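Given only the sequences and the hints, what does the whole structure look like? Please build it.
Chains as they are written, first to last, in this note's numbering: chain A, 1 to 258; chain B, 1 to 367; chain C, 1 to 310.
I should point out that these hints are in silico values taken from the structure, not numbers from a laboratory.
Everything numeric in this text was worked out from a predicted model, so none of it was measured.
Don't take each hint at face value.
Said to hold, decoys possible - Dumping the calculated EDC-like pairs for lysine to aspartate or glutamate here, alpha-carbon to alpha-carbon at most 20 Å:
no. : chain 1 : residue 1 : chain 2 : residue 2
1   : A       : K230      : C       : E295
2   : A       : K230      : C       : D234
3   : C       : K18       : C       : E209
4   : B       : K198      : C       : D91
5   : A       : K224      : C       : D258
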Amino acid sequence: MQPEPVVYAEHLSKRFGSFTAVDDLSLSVQQGEIFGFLGANGAGKTTAIRMFCGLLTPTSGIARVAGFDVHTEARKIKQTIGYMSQKFSLYEDLTVAQNIEFYGGIYGLSRAEIIDKTNRMLEELKLEERRHTLTRSLPLGWKQRLALSVAMLHDPSIVFLDEPTGGVDPISRRNFWRIIYDIAANGKTVFVTTHYMDEAEYCGRLSIMYQGRIIELGKPGELKEKYGLKSMQEIFVHLVGETEPADKPNIISSTENG
Amino acid sequence: MRRRLLAIVRKEFTHIFRDWRTLLIIILMPILMIVLYGYAITLDMRNIAFGVIDDARTPESRALVEAFTENGFFKPLGREVNRQEIEQLFMRRDALMVIVIPREFSRELQPGKRARVQLLIDASDSNVGTFVSNYAEQVLQLYNRRLNGSIPLLYDIAPRIFYNPDMNSTYFFVPGLVALILMLISALLTSIAITREKETGTLEQILVSPVHSREIILGKVFPYILLGLMNAAIILISARLLFNVPMRGSLLLLGMLSLVYVFVALSFGLMISTVAKTQLVAMFMTLMATILPTIMLSGFIFPVSSMPEPLQYLARILPATYFLIIIRGIMLKGVGLAELWPDSLILTGLGFFLVVIAIRRFRMRLE
Amino acid sequence: MDALISVEHFSKSYGSQKAVQDLSFEIRGGELFGLIGPDGAGKTTTMRTLVTLLRPDSGTMHVQGFDVSKDIRNIRSITGYMPQRFSLYPDLSVDQNLRFFADLFAVPKKELAARLERLYHFSRLQPFANRLAGRLSGGMKQKLALSCTLIHNPVLLVLDEPTTGVDPVSRNEFWNILRELRAQGVTIIVSTPYMDEALFCDRIVIMHEGRALAQGTPAALIEQMQLPMYALRDSDVVMRFAVIEQTPGVVSVQTFGDTLHITAEIGTDEASLTRSIAAALGHDVVLEPIAPSLEDVFISLIEKETRHAT
Numbered sequence: 001m002q003p004e005p006v007v008y009a010e011h012l013s014k015r016f017g018s019f020t021a022v023d024d025l026s027l028s029v030q031q032g033e034i035f036g037f038l039g040a041n042g043a044g045k046t047t048a049i050r051m052f053c054g055l056l057t058p059t060s061g062i063a064r065v066a067g068f069d070v071h072t073e074a075r076k077i078k079q080t081i082g083y084m085s086q087k088f089s090l091y092e093d094l095t096v097a098q099n100i101e102f103y104g105g106i107y108g109l110s111r112a113e114i115i116d117k118t119n120r121m122l123e124e125l126k127l128e129e130r131r132h133t134l135t136r137s138l139p140l141g142w143k144q145r146l147a148l149s150v151a152m153l154h155d156p157s158i159v160f161l162d163e164p165t166g167g168v169d170p171i172s173r174r175n176f177w178r179i180i181y182d183i184a185a186n187g188k189t190v191f192v193t194t195h196y197m198d199e200a201e202y203c204g205r206l207s208i209m210y211q212g213r214i215i216e217l218g219k220p221g222e223l224k225e226k227y228g229l230k231s232m233q234e235i236f237v238h239l240v241g242e243t244e245p246a247d248k249p250n251i252i253s254s255t256e257n258g
Numbered sequence: 001m002r003r004r005l006l007a008i009v010r011k012e013f014t015h016i017f018r019d020w021r022t023l024l025i026i027i028l029m030p031i032l033m034i035v036l037y038g039y040a041i042t043l044d045m046r047n048i049a050f051g052v053i054d055d056a057r058t059p060e061s062r063a064l065v066e067a068f069t070e071n072g073f074f075k076p077l078g079r080e081v082n083r084q085e086i087e088q089l090f091m092r093r094d095a096l097m098v099i100v101i102p103r104e105f106s107r108e109l110q111p112g113k114r115a116r117v118q119l120l121i122d123a124s125d126s127n128v129g130t131f132v133s134n135y136a137e138q139v140l141q142l143y144n145r146r147l148n149g150s151i152p153l154l155y156d157i158a159p160r161i162f163y164n165p166d167m168n169s170t171y172f173f174v175p176g177l178v179a180l181i182l183m184l185i186s187a188l189l190t191s192i193a194i195t196r197e198k199e200t201g202t203l204e205q206i207l208v209s210p211v212h213s214r215e216i217i218l219g220k221v222f223p224y225i226l227l228g229l230m231n232a233a234i235i236l237i238s239a240r241l242l243f244n245v246p247m248r249g250s251l252l253l254l255g256m257l258s259l260v261y262v263f264v265a266l267s268f269g270l271m272i273s274t275v276a277k278t279q280l281v282a283m284f285m286t287l288m289a290t291i292l293p294t295i296m297l298s299g300f301i302f303p304v305s306s307m308p309e310p311l312q313y314l315a316r317i318l319p320a321t322y323f324l325i326i327i328r329g330i331m332l333k334g335v336g337l338a339e340l341w342p343d344s345l346i347l348t349g350l351g352f353f354l355v356v357i358a359i360r361r362f363r364m365r366l367e
Numbered sequence: 001m002d003a004l005i006s007v008e009h010f011s012k013s014y015g016s017q018k019a020v021q022d023l024s025f026e027i028r029g030g031e032l033f034g035l036i037g038p039d040g041a042g043k044t045t046t047m048r049t050l051v052t053l054l055r056p057d058s059g060t061m062h063v064q065g066f067d068v069s070k071d072i073r074n075i076r077s078i079t080g081y082m083p084q085r086f087s088l089y090p091d092l093s094v095d096q097n098l099r100f101f102a103d104l105f106a107v108p109k110k111e112l113a114a115r116l117e118r119l120y121h122f123s124r125l126q127p128f129a130n131r132l133a134g135r136l137s138g139g140m141k142q143k144l145a146l147s148c149t150l151i152h153n154p155v156l157l158v159l160d161e162p163t164t165g166v167d168p169v170s171r172n173e174f175w176n177i178l179r180e181l182r183a184q185g186v187t188i189i190v191s192t193p194y195m196d197e198a199l200f201c202d203r204i205v206i207m208h209e210g211r212a213l214a215q216g217t218p219a220a221l222i223e224q225m226q227l228p229m230y231a232l233r234d235s236d237v238v239m240r241f242a243v244i245e246q247t248p249g250v251v252s253v254q255t256f257g258d259t260l261h262i263t264a265e266i267g268t269d270e271a272s273l274t275r276s277i278a279a280a281l282g283h284d285v286v287l288e289p290i291a292p293s294l295e296d297v298f299i300s301l302i303e304k305e306t307r308h309a310t
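Quick look at the structure:
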């Protein structure tokens, strides 16, 4: 028998007025997986993630994250998950250490824990010398890793990464994915959204979303075999390009931004 | 080239009319400001609460109290006041004045005698105290005159006041408000006009075209001149309707000189826009550079001639200083260009100076 | 040499920060040329200088013989430039945006209708002519921006990261349009942080932290490196990548879902590498030679640089 999935959704839908952002979404992600959530801008990725994080209430359907119901147990979910978005939620005008302390405080860590965590994290990130540097002046790759560490500060069992690697150089990106693999190797679940297909190649399993629906789900290798194509980029263009109408509804720009 | 200039003018108009919410704010804001400021900034006092201790209780003493309540300046407390609570009344600010009419009041109201009435005035705010006492004296004079001068007063001066016979300070302030609001709104409009394009990145896109800085600057001034003029009209009409400010001079002249003033303010905004990097910075700079100097230095409240000399020099570079002379002159005194030409000339000069500065400061590169 | 663009020893700093150092390249007419590199490589600075928005600190840049530090207006009238950020007026319609730029560039009134038709044709934006630009989807915005830069029939097209943040399908379409334009003889210089897009260019210069690491055709660059790379398809060992990385002869290991990509030291033979990895893991493995990607080339170039530096 399979263990209970960490992220589980059944016929999950979210409508904004007459616009359906997420349409009948079903998936289950196991502990320790690196699950990719692919789709163009406005495909419904962000809406789905926001429902999993307890930020939006589903219009219909069931979703459980770490065993908690998104309808009724949003607070508990927030304690068990970590979240990092493309616009790293670090305060640029605070120092590296101040950022860590601030987020430690938000998640209710004790003073001693925060000091301990801060030191450990700075050591891991090799940022000890930059402890008092303003976050603004860190290179993008460092910021990104700091943001991820901050998202992991309260030791969550699931991390949601919303387009985490935009604009960083290939070396930083490989280092970043190395950390993601380390996180997964420690038994935590990583849920990544992206519309960069080269990033999709790194995922253990992935789903492709289009107009609110999941239109394909599987391992990158299996999908490439199934369609006889060489890269996820080609698969995506093949799947979405066929169904892409010339236009998308306007509402996308106002309800989705990532 | 005319075509590029027209293209920018057309585009600015499209921006203005497409964003009708902002347009509405631009139209409503001056009305709101003139109403708020117009009623708040006034040195006139109304409904001054006062208590009466009437020991005489005669028809004459009642007539005196009535004289106080007649014209709306004073409002009686509506209950008896006794001597012990006077200080408490002042402390709680329930009343600003207490009139004590002695028992002998009616008897003393005879030719050859002197009737005494005591006025107790709360002068913790000395200005207010002076006003209250002045008003009260006027009321007493009125009462005196009604009794055919049977109460001999120590003095009997009848000053004649020019231009503003009611000494209504609103007449003095509203033209000033017009100057302030026009300056503020016009400068705000253009101060964000270029910074907005800096922020959205569209400036980078039009910079790489063969457009000239003068085309960009002038193309942005023209549409807003119309908007500014519309504002001027709205403010002047509401000033007239709400406060009955007189209009003694030529409306046409005022309109034309308002246009010049709006042009100065718009150019000033554009100059800020070429310097500031973000809309927020531009707005703060505009607020700082317009509101405070205009209120404090332009003669809006304090006459320029009574300022310390260094501040007078500062006042002389403020557009509002000249426009205040112009607008007060036209509205209250009814003077024309014959008297106002130096101020009008300086104002026009300021406008051209600022617009040239804005054009020269405008960078055709990103550095 | 009939170079349309020549950049010689170009350097540019912002205060103490060196944005570009000693960059030189030439572009022939009709080429599709790529500036490839991550954020901070100096791509935007180079492009902005090329379109006369910035001045070089030292070195020279010429576009069709015009000097970027002197002949601003000449260069601006033959160049189409698309900045990295969407920079059209969101509150103007598609048609209003196009006509505005036509006016700025003084497109002859007689020709305007024909040009608009042609641009609408390739961008397929005709049905949305009256829609506000801010209401377009990401891919359509990019096509509109491209159309606006093409309105005055520029000789040279300078596109700064036109596909960043655009979904894969629109990216694909965008590159198809660029190929079409090149076929019509337009010279295009494009920047991108995506190594996979570099393959679509005729020639590229790979930039990193303000310096050019290499230039040439993408195929030649990959060829030159001769990186020995292998794939290890075994989902059970993926999480043990750290062990493999310690194995002698291995330079780096990259995880791809259920597959590992192993870069070996140059000169390592396959058989001995297979043996040492098997020994490290404690069971047999099958290595499969694979062609390195441009990203692999990029990373090894940077590693080479840092080795030289130390």
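The hints, checked one at a time:
1. Between K230(A) and E295(C) the alpha-carbon distance is near 16 Å, which keeps this suggested pair within the 20 Å criterion.
2. The suggested pairing of K230(A) with D234(C) holds, with an alpha-carbon distance near 18 Å, which does not exceed 20 Å.
3. Under the criterion of a C-alpha separation no larger than 20 Å, the hint pairing K18(C) with E209(C) is consistent with the structure, at around 8 Å.
4. Of the pairs offered as hints, the one joining K198(B) and D91(C) holds, with about 16 Å between alpha carbons and a cut-off of 20 Å not exceeded.
5. With a CA separation close to 13 Å, the supplied pair K224(A) and D258(C) stays within the 20 Å bound.
In terms of the numbered hints stated before, the structure departs from none.
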